[in-house]
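Work the whole structure out from these sequences, hints included.
Numbered per our numbering, the sequence shown spans residues 22 to 163.
Simulated from the structure, these hints should not be mistaken for laboratory data. Computed from a predicted model, the values in this text were never measured in an experiment. Be aware that one or more of the hints could be misleading.
What the hints assert, rightly or not - Below, in silico cross-link-like pairs of lysine-lysine (DSBU-like), each with a Cα-Cα straight-line distance of 35 Å or less:
1. Lys51 to Lys136
2. Lys84 to Lys51
3. Lys136 to Lys84
4. Lys51 to Lys156
5. Lys156 to Lys136
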Amino acid sequence: MNKTTPLTHGGYQAGHPWYYYLGGRIPRLKEIRDAVIQSGYRGYMAERIDTLEALPEPRRSEKLRTLRDDVRAELYRDIRRYRVVARALRSYRHEQATTSPGHSCDDVHTAMSLKYAHIYNGLAHLHVLDALLGKQPDLFAL
Numbered sequence: 022m023n024k025t026t027p028l029t030h031g032g033y034q035a036g037h038p039w040y041y042y043l044g045g046r047i048p049r050l051k052e053i054r055d056a057v058i059q060s061g062y063r064g065y066m067a068e069r070i071d072t073l074e075a076l077p078e079p080r081r082s083e084k085l086r087t088l089r090d091d092v093r094a095e096l097y098r099d100i101r102r103y104r105v106v107a108r109a110l111r112s113y114r115h116e117q118a119t120t121s122p123g124h125s126c127d128d129v130h131t132a133m134s135l136k137y138a139h140i141y142n143g144l145a146h147l148h149v150l151d152a153l154l155g156k157q158p159d160l161f162a163l
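Okay, here's the thing in structure tokens:
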């Protein structure tokens, strides 16, 4: 028996256009966040974050805070766009209910999967940065 999660549909994960093409439901932001945390994924900036983590204080905290602010701003932009694309997908699905479906995914499916991926990465980065900024490094470490 094939085990599925809320972010899997028809054998595809929510980061794939066919997930939406095959009728996968639009993930809630909390579900995306929970999936990030459960997976342990650190995002594509993991190396950059590790480099900043290795800096001496107070530079470390300053650079990590700056990056967190940038990531947060980008994430908010992605969330706004995600909501626009989600509305477009709902409209598309409503229109397709009265016509015959196409044989391949459409731009709206690709846009939805890309925005999902952007948010997934943004939440991963934010989770890692918040964890690092929440711990006090040893100021006297050599």
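Problem - Hint check, failures only - result: Going through the list in order, the structure violates no hint and respects every one.
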